[in-house]
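If you're matching them up, the sequences are chains L and Y in order. Number 163 marks the last residue of the first sequence (my numbering); no jumps. Number 544 marks the last residue of the second sequence (my numbering); no jumps.
These are computed hints drawn from the structure, not numbers from a lab.
One side of the interface only, derived from the structure: several residues of chain Y facing chain L at Cβ under 8 Å: (1) Glu53; (2) Arg110; (3) His114; (4) Pro160; (5) Gln201; (6) Gly358; (7) Leu388.
Cβ coordinates follow ideal geometry from the N, Cα and C atoms, glycine included.
So you can see what is in the structure, the chains are spelled out below.
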Amino acid sequence: MTTSPESSGLDQTVLTDEEREAVYLIGETLIPEGGSGPSADQAAVATQFIDRFFELRPDLHSGFRELLAEADLKRPREWCERLERQRPADFSTLTFVIAGAYLLSPKARGWLKYEGQVGEYQDGSPQPEYAEGGLLDPVIARGPIYRATTWTRDGTGGAAATG
Amino acid sequence: MSTDQADVVIVGAGLAGGITAATLTAAGLHVVCLEQGGWPDYDKARADFPDYEVTADRYWARDPNTRRAEADYPVDDTDSDISALMWNGVGGGTVLYSAKWHRMTPGDFRVRSHDGVADDWPLSYEDLEPYYVEAERQLGVSGLAGNPAYPAGEGPPNPPVPIRAAGRRMAKALNELGWHWWPGGNAISTRDYRMLSPCRQHGTCMSGCPEGAKASTDLTHWPAAIDRGADLRTGARVTRVLVRGDRATGVEYVDREGRLHKVEARAVIMCANGIGTPRILLLSATSEHPDGLANSSGLLGKRLMMHPFGAVAGIFDEDLATHSGSWGQQIQTMHFYESDPARGFVRGAKWGLQPTGGPLGLTRSYPWGQSPEPMWFENFHDTLASRLGHAPMWSLIAEDLPHEHNTVTLSSDLADSDGLPGARLAYTVDENSKRLMDFHVARAVESFEVAGARETIVGPHVRASGWHLMGTAVMGDDPARSVTDRFGRAHDIPNLFIFDSSTWVTSGGVNPAATQAALALWSSDAFLRQGQLSRRDLRTGAAA
Chain L
1 MTTSPESSGL DQTVLTDEER EAVYLIGETL IPEGGSGPSA DQAAVATQFI
51 DRFFELRPDL HSGFRELLAE ADLKRPREWC ERLERQRPAD FSTLTFVIAG
101 AYLLSPKARG WLKYEGQVGE YQDGSPQPEY AEGGLLDPVI ARGPIYRATT
151 WTRDGTGGAA ATG
Chain Y
1 MSTDQADVVI VGAGLAGGIT AATLTAAGLH VVCLEQGGWP DYDKARADFP
51 DYEVTADRYW ARDPNTRRAE ADYPVDDTDS DISALMWNGV GGGTVLYSAK
101 WHRMTPGDFR VRSHDGVADD WPLSYEDLEP YYVEAERQLG VSGLAGNPAY
151 PAGEGPPNPP VPIRAAGRRM AKALNELGWH WWPGGNAIST RDYRMLSPCR
201 QHGTCMSGCP EGAKASTDLT HWPAAIDRGA DLRTGARVTR VLVRGDRATG
251 VEYVDREGRL HKVEARAVIM CANGIGTPRI LLLSATSEHP DGLANSSGLL
301 GKRLMMHPFG AVAGIFDEDL ATHSGSWGQQ IQTMHFYESD PARGFVRGAK
351 WGLQPTGGPL GLTRSYPWGQ SPEPMWFENF HDTLASRLGH APMWSLIAED
401 LPHEHNTVTL SSDLADSDGL PGARLAYTVD ENSKRLMDFH VARAVESFEV
451 AGARETIVGP HVRASGWHLM GTAVMGDDPA RSVTDRFGRA HDIPNLFIFD
501 SSTWVTSGGV NPAATQAALA LWSSDAFLRQ GQLSRRDLRT GAAA
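Please put together the full structure from these sequences, using the hints given.
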């Protein structure tokens with residue numbers, strides 16, 4: 001971990017030092033060093049963003065701690081793979097928390113060049129793809145593709161089918 | 001117990017309830033609407049914040065069993081291939097829907113005549129066409145007239161959402177294949193339109209639209225209805241519809257403080273969705289109606305349809321900016337929509353091309369869990385970077401045929417916060433749907449390959465996809481084979497009406513909001529016409 005949990009002064013009500021160490025080990029397993037982007041530790045998952053995550057999602061806190069309590073920290077890779085295979089819903093919770101905390105980190109978002117769900121204004125202006133000579137021309141040229149029905153009014157405000 | 005009176009009491013303030021209330025109050029009727037939830041809190045729409053993806057599925061969760069808000073009731077889906085999704089609050093499903101907007105085709109109303117399965121509707125596309133036009137006006141729908149998948153006619157009032165790079169890429173591929181496509185229709189405004197603002201393409205339509213561009217009835221219908229005198233009561237959970245003989249006399253409800261109330265009305269209109277409506281009518285059983293109200297046919301709660309849903313994503317080397325865009329759909333295709341006996345199944349599916357959102361979503365289950373490329377461990381960075389912005393997705397809505405063994409009943413062991421039984425689903429995806437989906441998934445993969453995708457990821461039959469809850473109080477002309485008539489009037493109780501998607505005869509293979517909105521207008525219009533002719537009959541309970 002980039003910061004020693006013993007000296008960090010991190011909030012013990014969010015995670016104990018032991019749990020934080022488990023987050024570090026599991027984070028580095030799921031999102032390790034050596035890839036094109038920062039690892040979980042380099043993105044300060046265990047020391048910073050896990051706390052921010054649980055500020056936002058306290059509803060997932062107890063379930064996540066239960067998973068940490070059962071994790072095999074001597075063989076975290078094998079434990080993660082077994083969890084994915086045997087209990088996919090729990091694996092989904094685990095990875096949602098770790099990846100969620102990771103992606104709150106500006107370092108991780110910077111690596112992805114992800115600035116959030118950035119909107120783009122529009123004003124309803126005509127799009128050239130839909131103008132004559134655009135992409136829709138061959139679709140229009142082929143004509144209707146729906147199956148026609150034949151109806152006769154039955155005089156009651158509804159319709160009676162003849163085909 | 002407090003008691004008050006109204007001309008009409010509506011149960012549920014969603015799409016059908018909002019449209020119905022707005023229509024009836026405009027005609028001068030005194031309307032009370034009872035909604036078990038509250039107003040959506042758009043302060044929790046976090047599209048503009050870095051925590052959007054982390055928080056999106058907390059307040060805006062789609063599955064009531066996950067959300068567990070006080071307004072929710074449990075839905076036991078243990079025996080269902082698809083889990084039911086809904087929003088119990090003002091606006092109903094429109095608060096969370098993706099707002100893809102499609103009319104059903106003329107042939108969708110004639111499935112028995114054309115394909116020898118299911119039943120024909122007792123009304124036609126031509127009957128609904130003016131109501132489609134009006135619904136599109138009321139909801140500020142965007143799109144383009146002239147789609148050859150439909151008869152010629154008036155189109156939506158707003159221009160289509162931007163095609164964007166992904167839509168352009170796939171449109172060219174479909175042109176190369178000679179397949180139909182068309183600009184996406186969406187209940188998302190592309191310019192300032194009445195109460196709606198132009199969409200800013202955040203791609204967060206299903207987790208709280210932050211700028212009021214997506215049409216939901218809490219924005220489009222309820223403010224006007226309330227201005228005209230509609231009495232919308234939130235936190236009001238209907239416990240039963242009250243009857244005397246074959247006449248509904250009103251409803252009983254409990255408020256959030258646990259106090260019981262009664263509203264007497266000349267007519268009761270159910271708009272509580274394809275699960276909530278049969279649940280309440282089953283809860284309303286009496287000695288005279290031992291199997292639930294309006295159930296002499298035995299079909300109440302049967303024929304549940306939920307639209308099997310598949311997703312196929314393509315991953316491209318080029319950045320196609322697929323993290324954002326109206327969601328919604330940029331383009332759509334109905335090339336394989338109509339039946340072709342050579343395919344080994346009947347009916348079809350519509351595809352909508354949509355963005356795939358931010359990076360956290362790309363690590364989740366569907367369709368990404370089906371990828372041969374591992375997500376985690378040493379693959380994490382490469383896999384995630386290859387998807388973000390590079391991955392458009394087809395969402396496939398498959399027609400779901402009605403079967404009486406697909407049911408909504410009362411749960412014997414789950415209850416809501418007021419002690420009322422929850423709903424229990426029994427639902428299986430049938431063989432026709434499986435063959436249909438397999439075919440469509442293969443064609444969708446083909447389209448991505450022609451477009452140059454280097455990888456396709458297929459998520460067939462997504463379980464958490466039961467947005468569309470239809471068919472559990474089917475309409476028809478024969479009281480022995482249907483629950484309501486073509487206008488939503490219960491055969492057994494002539495001043496009890498069902499205006500929600502419970503009455504659907506078949507599901508079509510498109511997103512249902514357009515047809516449900518049109519049906520609410522059609523039914524409300526008939527209600528007013530018949531009411532004007534026979535207000536005395538309504539009072540005495542005789543059939544109008």
